[in-house]
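Work out the full structure: start from the sequences and follow the hints.
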Amino acid sequence: MSSINRHSQQVVATILSNKRVGQYHQILINVGEIVKHCKPGNFVAIKVGGDHSSLILRRAFAISRVSDRGEYGGTMELIVAPHGSGSRWLCTQEVGSSLDLVAPLGTPFGIPTEPVQALLIGGGYGSAPLFGLAEVLKARGCRVDMILGASTVAKIYAPIEGKRSVNSLKIYTEDGSTGEMGKVTDPLPSLISEGAVDVIYSCGPMGMLQAISGITSNTDVVHQCAVEESMACGVGICMTCVLPVRKSDGSIAMLRSCIDGPVMDGSSVAWELVGKNAMTP
Amino acid sequence: MRESSFDFSTTLGSAWFPAPVFTASGCASSGRELSQFFPLDEIGAVVTKSVMLKERLGRPTPRMAETPSGMLNSIGLQGPGIDAFLAKDVPWLVENKARVIVSIAGETVDEYGVLARRLRSVPGISAVEVNISCPNVDNRGLVFACDPESAKAVVESVRRTLAGDLPIIVKLSPDVTNIASIARVVVDAGADALALINTLLGMVINTDTMFPHLGGKTGGLSGPAIRPVAVRAIFQVHEALPKVPILGMGGVRTGRDAFEMILAGASGVSVGTASFGNPTALIDVQNELKQLLISKGFNSVQEAVGFAHRPSKANP
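Protein chains in written order, with full-length UniProt numbering: chain A, 1 to 281; chain B, 1 to 316.
If you anchor each label on the Cβ, the simulated ranges turn out as follows:
1. B:GLY124 to A:ILE160: 52 to 62 Å
2. B:ARG232 to A:GLY49: 23 to 33 Å
3. A:ARG88 to B:LYS243: 49 to 59 Å
4. A:GLU94 to B:ARG232: 37 to 47 Å
5. B:SER9 to A:ALA154: 51 to 61 Å
6. A:SER190 to B:THR67: 39 to 49 Å
7. A:LYS170 to B:PRO39: 46 to 56 Å
8. A:SER217 to B:ASP83: 25 to 35 Å
9. A:GLY49 to B:ILE205: 21 to 31 Å
10. B:PRO39 to A:TYR72: 23 to 33 Å
It should be emphasised that the hints constitute simulated quantities derived from the structure, not laboratory data.
As the structure is a prediction and not an experimental result, all values here were calculated from the model.
The beta-carbon is built from N, C-alpha and C at its ideal position, and this holds for glycine as well.
See below:
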């Protein structure tokens, strides 16, 4: 047995609730035992469209949080933006319907063994897995600050109960419709120079992750980012979701964001080469 | 027909397999990833992702576009190169009791020969798939399967190197006018079996950016959308060369689809893109196929191979 995809299972699960939250859907799924192995940063691959659909590929969603308590046993929460045909289908599924899913998948966020000052940065619904992460970090004695950003207020995902798991929360919108007008990266240089950050955990659009990596380069701040690249399989067999990553000898490897990610070391991703041609090892 | 006496085994050249369902090259990486979902020794064999001489990074992203009942991929033969592959991937598969068909791809005729030489003495390999039809190469002239002379040269080079050591399965492209004539050329050059079909060359244009969507511009179309093309190709080649075993593939998602390919003339069936949507697709296809063959009254896989070619009562 290989360590790749260890603990991941294909299960048929039931939707317990499906609520609209701003521009997103909060979907709660009864998945059973597999929650024991789900960690912040893991994702789930869900079959969409029903048995006779022309959509043949699974859709990957970040696991927002899991719980193994409560009347239903193991539950998994997803925050879904109904943008494409697959996510729209998922958002229309009613309570009680079945989902064929594979989880947990991917490399989760690394949790420090010592208490650190952690800064969690979420773009849009990329904030979803950060609240579960915040709880884990707090339990380890970390200070947890959070910065969320989006183009506008309706695209901010910040549930009330999630706010309790962080020491501070700041919100930025590009149009100024809530919080401060600006981008999540605006306060970073001063926070880093003040020594207020040891580790940044980020999840959101690739442009945001790249910008954070730019700011943390040449500093001691560790940047763990959850990347987003389109996947056909989610289990490591299709080789479509690769990212150029710089190895210790300086050469480039194309690593799968489903297996070697989604959480990657932001300083090792060769952002300038993403989508570029004519690469040699 | 009772299940216990049903013969589910098949052969491709001199290689014997206990079951007729295989992974498709490029759709199972090197096997480890799927081993979490089912024991690899339960299927016919793992056909590994086509390996080249040197490490290769492949094409830039985006590498994938979903299409109606299918997808385009533009991987560009990313892989570790033959040295790392033989050092790590093959031993792992052998250790895990998987039967292994190694798929090779070269940039030149000589490279195929060199790759074949590297495989000759490796223990645990059942057969070699010679991939002469990957569409994701920059020079279309290098799609050897589209040109009879190049196809012949590659297969002769591999045949010379391997002598009778390992059966040679040559993977052909559907993007040709007459696939049976290409099949005849490669069989005359020494192929023991044929893998039909590789993906079809396609393109998606992103209507927002108004550029081709894939980083490599073109990609290979796979999935149920291409299944009728595959069935047709298998039927035509089996008709022309009824004694040559065929490993059929292209959009197989269910046991019914695999059965259809066997009726057309396939001795074995590969499941590729279906694994992306369902990591246990191979086991599902295999179980359904077995039940279907038994329920139709066949005593073995072999009995059903090419059954659609029998004379009909109406038109003898």
